[in-house]
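Chains A and B supply the protein sequences, listed in that same order.
The first sequence lines up with residues 870 to 984 when you count with my numbering.
The second sequence lines up with residues 900 to 1014 when you count with my numbering.
Heads up, a few of these hints could be off.
Have a look at the derived ranges for each label pair, beta carbon to beta carbon [said to hold, decoys possible]:
1. Ser982/B with Pro951/A: 42 to 52 Å
2. Glu884/A with Ser917/B: 32 to 42 Å
3. Glu958/B with Pro883/A: 23 to 33 Å
4. Gln959/B with Pro951/A: 37 to 47 Å
5. Lys963/B with Ala947/A: 29 to 39 Å
Straight-line Cα separation of at most 27 Å, DSSO-like style, residue types lysine-lysine; simulated pairs [claimed, not checked]:
6. Lys911/A with Lys971/A
7. Lys965/B with Lys919/B
8. Lys965/B with Lys940/B
9. Lys971/A with Lys913/B
10. Lys954/B with Lys965/B
11. Lys937/A with Lys963/B
12. Lys971/A with Lys870/A
13. Lys954/B with Lys940/B
14. Lys954/B with Lys937/A
15. Lys919/B with Lys940/B
16. Lys954/B with Lys919/B
17. Lys870/A with Lys913/B
18. Lys913/B with Lys911/A
19. Lys913/B with Lys937/A
20. Lys940/B with Lys913/B
21. Lys965/B with Lys913/B
22. Lys870/A with Lys954/B
23. Lys940/B with Lys911/A
24. Lys963/B with Lys913/B
25. Lys963/B with Lys919/B
26. Lys919/B with Lys911/A
27. Lys870/A with Lys919/B
28. Lys937/A with Lys971/A
29. Lys937/A with Lys919/B
30. Lys965/B with Lys971/A
31. Lys870/A with Lys937/A
32. Lys963/B with Lys971/A
33. Lys937/A with Lys965/B
It is worth saying that the hints were derived from the structure and are not from the lab.
Only a predicted model underlies this, so the values are computations on that prediction, with no experimental measurement involved.
Backbone N, C-alpha and C define an ideal beta-carbon position, used for all residues, glycine too.
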Amino acid sequence: KQEVTQIPAALSVPEGENLVLNCSFTDSAIYNLQWFRQDPGKGLTSLLLIQSSQREQTSGRLNASLDKSSGRSTLYIAASQPGDSATYLCAVSLYYGGATNKLIFGTGTLLAVQP
Amino acid sequence: GAVVSQHPSRVICKSGTSVKIECRSLDFQATTMFWYRQFPKQSLMLMATSNEGSKATYEQGVEKDKFLINHASLTLSTLTVTSAHPEDSSFYICSASSGSLREQYFGPGTRLTVT
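This is chain B alone, in the form it adopts within the complex (with noise of 0.2 Å):
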């Protein structure tokens, strides 16, 4: 149990593009997701913390309008990064958690390379 799954797994696009990543909660209601980032040998930076049905509370440093985090349903939630740059470049994992204070069960992670 506790799956949580990423699509897509690896995303080339240009500058300027946007693009959308999906963080799903296959077997369990996920109240809240969280997106973290990280770069080439460095370890997770949280961006954002989403709860179903609301605004996502957004971690110092991260523009909330260049990632849009959007948490819908129970099960999906999707970040977008708009007007992407190269220094966008990164691997974007997500985390579900079915409540509050429950463990985080994280996605296999999206690699997005910006050219």
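Okay, chain A solo, but in the shape it has when bound (with noise of 0.2 Å):
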């Protein structure tokens, strides 16, 4: 059974501070992962998708990496910005019945940029 475990839980940084926050699956057999972002209360919007057959995936000042051997994917926020405040998701798509994609998505990071 695939779980998806992302670290820290929460995170408190200042402004301008460069951070990372990780997702480890313990499956290999992935289709894609993608990091979303969720404010409170609200839906989630989707960040980067890196296929499995990619290293990773870069959108402004964030990065996304995928080591699929390994179970790992990082991403990397450069230069936080208080607005970055939300909880980070990190979601693996698996096959589900030969032809559809089914989401299995990590515990989420909280984060809080200090201005």
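Join these two chains into a complex; the hints should help.
See below:
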């Protein structure tokens, strides 16, 4: 059974600091991995999607890496801002019934960037 | 593009009543829709997967007679919580995909409170 874990569970940093969020998964047979952002009481915003054949993806100040063999992904946020404060979720996509992808979500990291 | 809406955003109902939540893909045809539940300070848990015109596939532990899912068109899926109880109070989020193994796009969520 696929399990997805995120460390740390919570993180507080001063504005401007670079930071790394970690995600690990137990079964390397994934289709892709996604990082999401969730603001309190809101839905999900997709940040980055890495296909299983890729090693990293970048979007602005965000960079996500994937090491499928070791079951790990990291989300790097450069020059953090108070507006980055949110819960960050990673999710791995599995083949499901042979024709549909199913997302298994991690436990989340609650990030607070202090001004 | 790839916008998914949910209605209502919040609903309060009395114990024993039924509640219907709608999920719509606004600018694409969603052949597959997913329903998730998120309890406070927990991650998203997949409840069921529905393909247009077919019966939904429920995850282990999810009662199909309690959580009725209908996916009658390529742009609309509904989740009906029947005979709701306070323990059904949760944040329900849907996602939609335009095809097999395609990226899922998430709705903004519905907060259900059962009194």
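Broken hints, numbered, in rising order? Checked against the structure, the hints that fail are numbers 2, 3, 5, 9, 11, 13, 14, 17, 19, 27, 29, 33, while the rest are satisfied.
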